[in-house]
Structures are given as C-alpha cells and as structure tokens.
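Engineer: This is what each chain is made of:
There are 2 protein chains.
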Amino acid sequence: MTDSDSATYPKLPRNTVQRYGKPRGKYDCKTIHEIVNTTQVLHVSFPTSDPTDPFPAMIPMLGFMASFSSPDAPISEPLDLYLHGYISSRLMRLGKTSPTDEEEGLPLTVAATHLDGLVLALTPNHHSYNYRSAILHGYATPVEDADEKLWAMEKITNGVVDDRWANSRIPPTKTEMTSTQILRVRVVDASAKIRNGGPSDDRADMKNDELRAKTWIGVVPTWTAYGTPIESPENKVKKVPEHIAKFVKRENEVGEKTAVSAVKGE
Amino acid sequence: MTDSDSATYPKLPRNTVQRYGKPRGKYDCKTIHEIVNTTQVLHVSFPTSDPTDPFPAMIPMLGFMASFSSPDAPISEPLDLYLHGYISSRLMRLGKTSPTDEEEGLPLTVAATHLDGLVLALTPNHHSYNYRSAILHGYATPVEDADEKLWAMEKITNGVVDDRWANSRIPPTKTEMTSTQILRVRVVDASAKIRNGGPSDDRADMKNDELRAKTWIGVVPTWTAYGTPIESPENKVKKVPEHIAKFVKRENEVGEKTAVSAVKGE
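These protein sequence lines map, in sequence, to chains A and B.
Going by UniProt numbering, the first residue of the first sequence is number 1, and it counts up by one from there.
Going by UniProt numbering, the first residue of the second sequence is number 1, and it counts up by one from there.
This list has only true hints and no planted wrong ones.
Pairs of lysine-lysine residues, derived as DSS-like cross-links and limited to a Cα-Cα distance of at most 30 Å, are as follows: (1) A:Lys249 with A:Lys238; (2) B:Lys246 with A:Lys207; (3) A:Lys207 with B:Lys236; (4) B:Lys257 with A:Lys246; (5) A:Lys214 with B:Lys174; (6) B:Lys214 with A:Lys246.
For the record, the hints were derived by calculation from the structure and aren't laboratory data.
Build the full structure now, drawing on both the sequences and the hints.
Structural biologist: Written out as structure tokens, the structure is:
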C-alpha cells in the first residue's frame, strides 16, 4: 500500500507544517500512525489546571494506536491513541475531573520523534538532522470499560516487546486492573514531518575547493540500539526466549536499515 | 564531584516529581543539565497565541545549556538553555512578539529524555523502562546580541558532534547570522526523574514457581546507536575525519555502558 491510499487527517492552521523549500509535511494516517507505533517514548503535553501556571505540563508516556471498535483496522485507517503512564499523575486526574466545556475530554498534544541521522554540511548553518516526527492533537478520556482496558493493556505491552503479553503472567489481577489507568485519545488532527537525504550546501561553498578539500560532508546514521538482554538475578529461565531474541535482532536490523535508507532519501 | 555538590533548582508544586515507592526525583543542576546536554532532540511545548486553540504547541528542537556571562561555569552551576530550530516557526514569532505581562518572555516547557532499557517483569503491570528524563520550565527570549548568538551557535553545533564548529566553514556569513534565530531560556525550575535497576515483581508472583520457570525476567538495555558515517556524493575528503570518528566511537561506548550500568542500578 502506498501512503496515498491512506486516510488523511484534516489540514488545519495549527497542524500545517511550515517549511521553506522542500515540502516535508505529511497528513496521511499510515505515515503518522507508523511513527507513533514505532516510538518507545511519546511526549505528552497539556494545559495545567492552575490558571496562574503559564507552563504547559509535559510527561513522557507509552502509547499505541489502534481501534477497539474495529480491532482489525489497518494502520492507514483512523485509529485512537491509547496512553499509559504513571497513574496518579496530574494527567490522569485532569482526564477524570476536567472535561472541556464540550465534555470532550482533556486536550492533549502528543509528539513522537525518531532521530535517523546527523547531517553534516560544509557550514554550520546547513547542518541538520534526518528525522521522522509526528504531532497529534486530541481529546483524552480515561478508559472505563474493562474489556477495552484489558485490550489496550495488551496492545501497549506488545508495543514495548512483540508478544510479551502472552509471555507474562496474565490476566491481570483485579487490583492490577483497577490500579492501571489508560487514556483513550480521540485524535482530531495530526501531521508528520520527515527529513531525509544528505547535506545541501550553498553554491558559493560548493565552489570553494579549499573548503571542500578539508571539510567532510555526509550523514552519521542513528537509531535505537537494543543490547544483549541482561537477566535479573531472580530469573529462572536459562535461555533468552525467542520472542525477546527475535525482537532485539529485528529492531536493530530495521533501525539501521531505516537510518541508512534515509540518507539515500528513501 | 557528587550530585550533592551541585546547585539545585527550587522544588515547586509544578515540578515536584510524584511517585509512590522509591523516590525518583532529582533537582540538582548537574543531573538535569547533563541529561539535556546529552539529548540530541528536545521536545519544547508552549501555549499557542490563539485563545480558542486548547492544544499546547509542541516542537522538536536542538538545544544546549551554558552560560554566556560565565562561559567557564561548570555543569553543576545555574545555566541558560539555548534553543535552535526552524526559524519562522510559531515559537520564534511568539518569542519576538508575545512577552508575558512581566515582559519575561515566552513560557516554555522543555523535555529531554533518554531511554536506557526495557524492564521485563513477570507481569505486564510491573513492566517498566529504565530512563533519565528532565523537564525544565523557563522564559524564552530571542538572542539579539551578535557575540552571544555566535557563541550559542558554536555551542549548539558542537553539541551535535564534538568539535564540528571548527571543522566547518566559519564564521557564518551576515545572511546566515540574521537568518539564524536562537532563543535563550532563563530556567526558573526543573526536575529530573531517573529509573534504573531490574524488574521488581509482587511477592505472590515471585513465589509462583511454575510462572517463574517459564517467564524470563530482566532488562533489554537500549541506547542511541551511531552508524558508520556515509559520505555525501559531493564529499571530497577521503577519510572520515578524527573529530567524527572519535565522536561516533565514544557515543556508542558511552551509550552502551550507561544502559548496562543502569541495569545494575549504578
């Protein structure tokens, strides 16, 4: 499937990607959802409940995009964002107590960012990063339905390591179910911004042979490395299980391949 | 120097780290500044100028903490945060046109997060991440002084790759100087949150021999990998220069070492 077959988010003034030169904004669900679902840590921002506090709150959280009502919906379709974080945080309290006037929920801004490479140009001004970044806006409400909560917990756990849910002690106890809070974010708009390729320098610098003879230009690809699993002193399973070993191997391969492909502009 | 020799940020309700069990909050400058200055992408959040827009704006940016008035100040002393991002963004406009009533500048919340490992426990509920995360609140104003701007550009460039500034075409041209905008953030409070160690499971699960016999527990360490530098087709320098090769080698070593040490709770 190509990105153009994907559903798209509305392009509003607040989520329109502004950039001179090469257009970098994307609004299709597939691109945006893939960035979110491959990012281990999301950054979630929201207005605080204290009107004298000028600073938005910001929390790193785990999240996963899926649809409870259409569990088989492909990533190119509209999906909800499910968030999990530290329970008694201000966010969860706000989600419970401060619906907006329209009772839509708590307005959240969510960022997911992959750094793919350091772009080293002739001049500091043209240094850049290769990256894939998504920003989503939506209204969050706590998930109250037990089936939906259990389903979201499984999605979020398997979003950390493939197939981890079935390879751990399930189902959660009653206490675990009540102490775990999950937010469902109804996404109202979103955008992605992608930069790839190599450095792009000014013509005057490119004609400067002396400069070019001494200044290396290119890209240092970057990705998230997953190291050899380190067992807990209490671990009783001799061999690292297949679901973990496979995950580590694949993430390292995909990470490197993605970063290297980005240099070629793929 | 230990963290306790460091200057500290004030502990206010909005930046006090809340967490049951083991205390994870840190308020010393050294811990917070080190997290920021080793993070390649910061997430910057701020209220939008549109009062009908409930969503805070969020932008991934580059930044570095240092002091222009005391350039030799150690990382354990109060420092300013210098930010660089896409110029004509809403942020830079806001920084120029919307000082708060007290003319202090634009209120920003800045997050810097390192993911150090995936903590795999017996039960999904006790799964966690090892991480180092910092949240800073401060007031941003554009840097107008040419000397300070040039100094900040050098700091930010060398924050991407050590010593890159002197190994590229400097000084910037007049056009580059005017087209580059740098924000100086006067930090008013900040906190860090650190999680390390292995999984910590409930007693009932730890006594469940059948569960323990089949459920691997431990940590998958993670860090940012820097790959083999890929030269641009226009590159004329045969060998990858020392400042890049050294940086790549060191970052990979430090990244892995930090993630592995975190598992031991160091």
